[in-house]
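2 protein chains.
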Amino acid sequence: MTDFTVLPDHGLSWLEASGDHADIVLSTRVRLARNLQGHAFGPRARVNDREAVLKRFKDSAAQAPSLAGGTLIELPGVALRTRRILLERRLVTRDLLGDDETGPARGTAVHLSGHQPLTVMVNEEDHLRVQSLLSGLRIEEAWRLVDRLDEELGQEMPFAYHQEFGFLTSCPTNVGSGMRASVFMHLPGLVLTKEIGKVLQGLGQVGLTFRGLYGEGSEVVGNFFQVSNQTTLGKTEEDLVDHLDKVVRQVIQYELQARQVLLRDARGVTEDKIWRAYGLLRFARSLSFEELMNLLSGVRLGLSLKLLPGLRVYTLNKMMIFTQPAHLEEAAGRDLPPTESDAHRAAFVRRILAAEGEVSPDDAASDEGEPSDGS
Amino acid sequence: MTDFTVLPDHGLSWLEASGDHADIVLSTRVRLARNLQGHAFGPRARVNDREAVLKRFKDSAAQAPSLAGGTLIELPGVALRTRRILLERRLVTRDLLGDDETGPARGTAVHLSGHQPLTVMVNEEDHLRVQSLLSGLRIEEAWRLVDRLDEELGQEMPFAYHQEFGFLTSCPTNVGSGMRASVFMHLPGLVLTKEIGKVLQGLGQVGLTFRGLYGEGSEVVGNFFQVSNQTTLGKTEEDLVDHLDKVVRQVIQYELQARQVLLRDARGVTEDKIWRAYGLLRFARSLSFEELMNLLSGVRLGLSLKLLPGLRVYTLNKMMIFTQPAHLEEAAGRDLPPTESDAHRAAFVRRILAAEGEVSPDDAASDEGEPSDGS
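Each protein sequence line maps, in turn, to chains F and P. Under the numbering used here, the first residue of the first sequence is numbered 1, with each subsequent residue one higher. Under the numbering used here, the first residue of the second sequence is numbered 376, with each subsequent residue one higher.
One or more of the hints may lead you astray.
[Stated by the list, open to error] Here chain P is said to cover these stretches of chain F; the calculated rule only asks that three of the stretch's residues, wherever they fall, bring their Cβ under 8 Å from a Cβ of chain P:
# : stretch
1 : 264–274
2 : 284–296
[As the list claims (entries may be wrong)] List time: in silico SDA-like cross-link candidates among lysine to any residue, alpha-carbon distance up to 25 Å:
#  : chain 1 : residue 1 : chain 2 : residue 2
3  : F       : K306      : P       : E715
4  : P       : K681      : F       : E340
5  : F       : K235      : F       : G207
6  : P       : K569      : P       : M668
7  : F       : K58       : F       : T93
8  : P       : K693      : P       : E731
9  : F       : K306      : P       : A729
10 : P       : K430      : P       : P418
11 : F       : K55       : F       : A79
12 : F       : K194      : F       : Q116
13 : F       : K318      : F       : Q116
14 : F       : K194      : P       : T714
15 : P       : K430      : P       : R481
16 : P       : K573      : P       : L680
17 : P       : K569      : F       : T339
18 : P       : K681      : F       : A354
19 : P       : K693      : P       : V636
20 : F       : K55       : F       : H39
21 : P       : K681      : F       : R351
22 : P       : K681      : F       : T339
23 : F       : K306      : P       : T714
The set of hints was computed from the structure by calculation and includes no laboratory data. Note that the Cβ used here is the ideal one computed from N, Cα and C, for glycine as well.
Isolated chain F (complex conformation) (with noise of 0.2 Å):
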């Protein structure tokens, strides 16, 4: 089994909690879909196919500076477990890991690099996913790391291209610049305020779309949203960058208004939403990880919102990736059916909360009067 302690950041600085507005953004992720001329991709690519794309791969990835330091992992030699822990950091999609009886296909592989928070998922959808996943709003700096190395790998390889349509790929929506730009967003305020239904169609409209967590098809849990562009062709990829970059701050802005709104309008009912929120994380011995992003969605507000001010925005991170199934599994060393699994959940939140330190109910009380003790 892959020894993840040996990853400098197990792949996980993005939960840092750095950049801009950490407390609304999460993180930011750009990649970049690429094609090996000669060999053919996407659905109609054979086992030899792979392979070969696996070799040029790795024989590329050896010069290229971006990867030094780093492990290339081959799938089809990794447990269930090790392979479900990757996909709940999200350093690979469902999709390279192929289903669970069957397992990855020949020749999938990520290479998990060393000193960037950078990834190249191999024989996924595309020959190559290149991708950069950085804590908070970045995504300037997420687009610069992944074109570096998109470059460096290029001088290695012939990407598929055309003069006309840009960068070949699997799946026609991909084609031209072969690059999405996705934002991952707390949007509580807007929800609470009834206001995400006209955000998100106003997305729509500039040609950006939304999903949940883990992407496409992936639902909306806990009022965190994935924003990326739509479309990929016709535009630079600076354009794309922009574009995004600017409209996802527009959303910040609402975001930041409803939340004002909130506290105007609806002071006591949204600071017991997130108290409670806090005191069932910090007591309740049995968690589903839908309630527990629910929950955590609360607190984060109340965070956000300095309610309370003992938390960080890095433990909030970090609990949503460890209360994951295969993540408490591997904490508990066996598999673990879904009542232990919340069980385990509960435990691992109660032990991080207490490490965080006591959060006291009325550190941050609000401006109502508080009655004395009636006795």
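Assemble chain P onto chain F, guided by the hints.
Chain P alone, transformed into the frame defined by chain F:
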């Protein structure tokens, strides 16, 4: 306004959580209905009847050793909030107070005893309602206290008595002994195991009945039941007391068995329920009285099962009384509209629980393995 602080125990010694099975049986109440010869009683009593009764009672009370050191409160002179406080403390009935608009009728009064847990309501449904209210399961003792006071008063006042029927009362259901003994019980085990219906049905078959916290017509909340004798005619008081005591002890055994079933078959769910209740009480910023009662039920069960070792039954009893609207208003020094009342209730609960000392969420860890930090 009557100053309750001059009353030695605020009329609340029944909260002290002494007596048998104090975690399951909150309190025991025995009351006798008595009427004076020569005065119309019930709806036929006129103002001059009531005033004559009150005068006779005052004279007799002055001679009764059981009432020494007490206070007679004539209700028409008492402020609305104070009347509501008396009701919330279970020292008077809603009947005695009249409605909030017109207020108490002339001649209505309550005598709060100084040294004994005895009260006498004057000109309620009957001329006198002699009542004892004790902590825990102490039916025999409660009966002896009212019996002695009954004798003391009877020496001074001729009670309406019929050779064949016994004591005459305003409502025929009280004719005979005029006694109602009731026990206020917490039965979450029977509710959670769905055995409660059978037990309540069984009570009916042995001449007992059940009600909510505030007697006839009040709803059961938080799994709290008042169990009392249904009939008063044709049996001696001693028989009624013995019978109720025997049945209540049987119900306690059923409740204890149900709790063992919970621990055996649903330990995880039960613990989760208990700790969630504690977490919400500890941190919520708004609590309705009904929600509070339900949460107190969970916490009380946890305390009985020794899952919440840092708490005392006394604390939970006290919270139940002091979080009622009039008590909260008294503490705040002003009227409180419902949302404010809910906020003050939550603040009071937080303060009490904080004063009780921190209950660590892992003080009483379940037998299940607790996962270590997954990082």
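key: Hints not upheld, ascending by number   = 12 and 19
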